[in-house]
Amino acid sequence: MFAESVKSKIEEILSCSAPVELMNKETLVLNLVFMLQVIKASNNLIKQAILNDRGCSNFDMELNRYLTIHEKEEEDHDKWLERDLADNGVNPEGYPIMRKAVEMAGTQYYMINHVHPVAILGYMAVLEGFPVGLDVIEKLEEEHGKSLLRTLRYHAENDLDHREDVFKMIDSAPDDLHDIIMQSAIQTAIYIVEVTHQWRNSM
Amino acid sequence: MNGYSDNQLYPQFMDNRQSMQNNQPVMAPDVKRRNALAQQLMQTNYQNTMNPQSVGGQQAQLGAGNAISGLAQQFAAGNRMGQNRVTGDSLYQGQFKPDTFDAEDAANMANVGAMRTNRFAGML
Chain A
-9 MFAESVKSKI EEILSCSAPV ELMNKETLVL NLVFMLQVIK ASNNLIKQAI
41 LNDRGCSNFD MELNRYLTIH EKEEEDHDKW LERDLADNGV NPEGYPIMRK
91 AVEMAGTQYY MINHVHPVAI LGYMAVLEGF PVGLDVIEKL EEEHGKSLLR
141 TLRYHAENDL DHREDVFKMI DSAPDDLHDI IMQSAIQTAI YIVEVTHQWR
191 NSM
Chain B
73 MNGYSDNQLY PQFMDNRQSM QNNQPVMAPD VKRRNALAQQ LMQTNYQNTM
123 NPQSVGGQQA QLGAGNAISG LAQQFAAGNR MGQNRVTGDS LYQGQFKPDT
173 FDAEDAANMA NVGAMRTNRF AGML
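Top line first, the protein sequences correspond to chains A and B.
Straight run, no breaks: the first sequence in this note's numbering ends on number 193.
Straight run, no breaks: the second sequence in this note's numbering ends on number 196.
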């Protein structure tokens, strides 16, 4: 099963992450602002992938259908997260645009437009495939208040289904597309590992 | 800027800026890291676990990914057995700090761990 190889490669790379102490509010907010900067691009990335997915194989059509549904599901999540932060006195615009966020989303623009739109599956596998556990969300809510965790909770509750969907799509991809999916997943996971080490070094 | 300086948010860039000020050779952080990781790979004869077909034209990037994995295995092995610890000299100091590697890092590397509060929180 190709999805299993992708999953284990992602786990292998993410396991090199530096600890991100989410119980520390400053760290949690930094993580959320980083994610806000990343997910601002999510909808457009999915739209780009849909526009570029013009093949007529069964897989192309299935990918198009999957992405069209997913694009609707991801709508306005950046606005939700912005509201969570604002309600807790955090102005995300007060933060610089983080280079790793730009690199991570920017890599996808390149891959989707210049390599193959299927690359987005590797990206989605990393970002949706390993949601924070609900018991962790509860601990974080106790510590920081529920309003800061609304969007993260939504993802913790829903990304388990999304995870299943994305890995199912990855499994159905033809062999000649495996390489690009794997590369996309690896690069995304590396960006995350790198940003966690940056944070650790700067905290 | 909510109290974050460039040095905190862009440590690699600032590291290079310092090198320039000191008239030291400047390498792109990724090149520096890859070089260090590649050297480490040679020392440990780490076997590439990737499907060779996946390497293709992105060998360097994939190599970095595999190198990170290899280091994780070394860290974990060193921590378990108290030997084969990766030393600070052999690694790119700015990215991975083996001198500060501790039990928490080991636990972190043991699994990605959805149930932990000290991990990156991702979403799409």
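Worth flagging that the hints you see were computed from the coordinates, not collected in a lab.
Each hint should be verified, as a subset may be incorrect.
[To be verified] Okay, the calculated bits of chain A under chain B, using three or more residues with CB under 8 Å as the criterion:
id: 1; stretch: 22 to 30
id: 2; stretch: 42 to 49
id: 3; stretch: 95 to 107
id: 4; stretch: 139 to 152
[Stated by the list, open to error] A short, non-exhaustive set of chain A residues, derived as facing chain B with CB atoms under 8 Å:
id: 5; residue: M(-9)
id: 6; residue: P9
id: 7; residue: V10
id: 8; residue: L12
id: 9; residue: M13
id: 10; residue: N34
id: 11; residue: Q38
id: 12; residue: D66
id: 13; residue: D68
id: 14; residue: E72
id: 15; residue: V92
All of these numbers come straight from a predicted model, not from anything done at the bench.
Every residue gets a Cβ at the ideal spot worked out from N, C-alpha and C, and that includes glycine.
Right, here's what the structure says about each hint:
As drawn, the stretch 22 to 30 of chain A meets chain B at 3 residues by the rule of a beta-carbon pair under 8 Å; at three or more, the given contact holds. Counting residues of the stretch 42 to 49 of chain A whose CB lies closer than 8 Å to any CB of chain B gives 0, so the stated coverage by that chain is violated, three being the minimum. A stretch counts as covered by a chain when three or more of its residues have a beta carbon under 8 Å from one of that chain; for the stretch 95 to 107 of chain A and chain B the count is 0, and the coverage is violated. Taking a C-beta to C-beta cut-off of 8 Å, the stretch 139 to 152 of chain A contributes 5 residues in contact with chain B, enough for the three needed, and the coverage statement holds.
Evaluation of the M(-9)(A) hint against chain B yields a violated restraint, the C-beta minimum of about 13 Å exceeding 8 Å. The interface hint given for P9(A) holds, since its Cβ lies 4 Å from the closest Cβ of chain B, which is under the 8 Å cut-off. Hint on V10(A) holds. Least Cβ distance to chain B is approximately 5 Å, under the 8 Å limit. Taken as an interface hint, L12(A) checks out: its beta carbon lies about 5 Å from the nearest beta carbon of chain B, inside 8 Å.
Because the beta carbon of M13(A) sits about 5 Å from the nearest beta carbon in chain B, less than 8 Å, this interface hint is met. Against a cut-off of 8 Å between C-beta atoms, the interface hint on N34(A) is violated, since the closest Cβ of chain B lies about 12 Å away. A distance limit of 8 Å between C-beta atoms decides the matter here; for Q38(A) the minimum to chain B is near 14 Å, and the interface restraint is violated. For D66(A), the interface hint is violated, the least distance from its beta-carbon to any beta-carbon of chain B being 13 Å, above 8 Å.
A distance limit of 8 Å between C-beta atoms decides the matter here; for D68(A) the minimum to chain B is near 10 Å, and the interface restraint is violated. For the restraint placing E72(A) at the interface with chain B, the shortest Cβ-Cβ distance is roughly 13 Å, beyond the 8 Å limit, so the hint is violated. Violation of the interface hint for V92(A) is found here, the shortest Cβ-Cβ separation to chain B being roughly 12 Å, above the 8 Å cut-off.
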